[in-house]
Amino acid sequence: MKAPKKALLLVGSPKPGDSTSGSLGGYLLEELEKRGVATETIRATKAVRTEEATEGLLAAVASADLVVFSFPLYIDSLPAPAIRALELIAEAPAAAGAPAFVAICQSGFPEVDHNEVAIEICRNFARDAGFEWAGGLILAAGGMVGGQPLRKLQGMMRSAVKALDLTAEALAAGRSVPDEAVRLMAKPPIPKIGYRFMANWGWRAQFKKRGRGGSLKDQPFA
Amino acid sequence: MNANPPGAALLLDGRRDDDRTLAFAHDAIMDGLAAGGWAVDDWTLRDDRIAWCAGCFKCWTQTPGVCAHRDDGRTVAERWTHSDLTIFLTPVTFGGYSSELKKALDHVLPILQPFMQKRRGETRHPQRYARRRDLLVVGTVPAGQAEGPEAQTFRRLVERNTRNMQPPRWAVAVLESGAGDWEVRVAVDALLAKVGVKPARDAVDASRQEVVA
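Chains A and B are the protein sequences, given in the same order. According to the working numbering, the stretch in the first sequence is residues 1356 to 1577, in order. According to the working numbering, the stretch in the second sequence is residues 276 to 488, in order.
Bound-form chain A, shown alone (with noise of 0.2 angstroms):
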């Protein structure tokens, strides 16, 4: 691949405010920035909602010779929106250039073999929409990142951080996503054990705040 001179990220979250997805996509984006790449940010939602905001979006891929796609793992995969911006993007008249793909995979497990057929889809649309994969990345636990800029949470996220700076550097030289990278981004910030724990006493305390009378295990439809 050569070095990009403008990257798009496409956040495929359909969180309508700040999500853990838009927080990695948006750090890798910073640091390609200060490498003196021209950056562009779509959300998938919104992209599809409209005929106009399609165009948009295939005019931002048209133009750019790195498109980052991060989301989160719904259901094993893409979420629905982040999958039909895949289809309309496929669907479209191939690009002149060939941009080159990076696929970001977040989700609530502590363990990334969660998104590892994730990341697969997005290798083989990659091929597809005749774009050059140039690797994916897995954060598992990524409750930890909460929507949060990653900037503020360094030294909990550094691998990732460290991950996304390797990331960037690679990119922006027309490199590959490095080893290491997908090795770092891959390290559990806290032990599963413990993030369990965490992720257990959350739920109920969310639920102790908003929830409407009943019970966690409530059972509507039995």
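Treat the hints with care, as some may be off.
As the list claims (entries may be wrong) - Below, in silico cross-link-like pairs of lysine to any residue (SDA-like), each with a Cα-Cα straight-line distance of 20 angstroms or less:
(1) A:Lys1370 with B:Phe332
(2) B:Lys469 with B:Phe332
(3) B:Lys333 with A:Arg1567
(4) A:Lys1547 with B:Lys333
(5) A:Lys1547 with B:Lys469
(6) A:Lys1357 with A:Gly1391
(7) A:Lys1360 with A:Glu1385
(8) A:Lys1563 with B:Phe390
As the list claims (entries may be wrong) - Going by beta-carbon spacing under 8 angstroms, a handful of chain B positions derived as facing chain A:
(9) Gly340
(10) Val341
(11) Thr368
(12) Phe369
(13) Gln388
(14) Glu422
(15) Glu425
(16) Asn436
Unchecked claim - Each pair of labels, with its calculated beta carbon distance range:
(17) A:Gly1557 with B:Arg345: 23 to 31 angstroms
(18) B:Val341 with A:Arg1559: 14 to 22 angstroms
(19) A:Gly1391 with B:Val341: 45 to 53 angstroms
What the hints contain is simulated information worked out from the structure, not anything from laboratory work. These numbers come from a predicted model, not from an experiment. Backbone N, C-alpha and C fix where the C-beta goes; we use that ideal spot for every residue, glycine too.
Place chain B on chain A using the hints.
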């Protein structure tokens, strides 16, 4: 294999267009289930307005088990919960499901509880309900691609789903576009048998034998 007593099936039809092979598969499945006396909730997803799951987790923390947004997506978990067999029909899309199928599938989250438990070496969310349902998945790929990389990813995806959905029995087939009606029916009958549904041809043969006797 033991045949299921006739029950309720939920068919999530994720066709994006008039895919002829999936249409054959749809009809073969409907015939097979009808012959077995099953009640089928046949849901053509592209005809319905189902908002994207927003990932708000209100179905876990605010109204446990029920999507907080009031559209057709809210009914997915209920219809899923009341089924004994769930069927997915989809064009294989980069090795995954079509956006039409996935817009419904993303709404099954409320059938799980939010808690995290370690199970067979991986973290899982416990099932909200004790009742389980079998799973049957049919995808289509272009001719000559049934063993290609996308078909392989697709099979892995379905296997992954089964770890979380925990169907007692499951079956997946990747059919090639251009397959004929008969070829598809043979494949579908084999799939139905794997999830305990007596093939339609057997039922027809049995009724013929009864007539002859």
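Practice problem: State the violated hints by number, sorted upward, taking the hints as numbered earlier in the document. | Solution: Those not satisfied are hints 2, 4, 5, 14.
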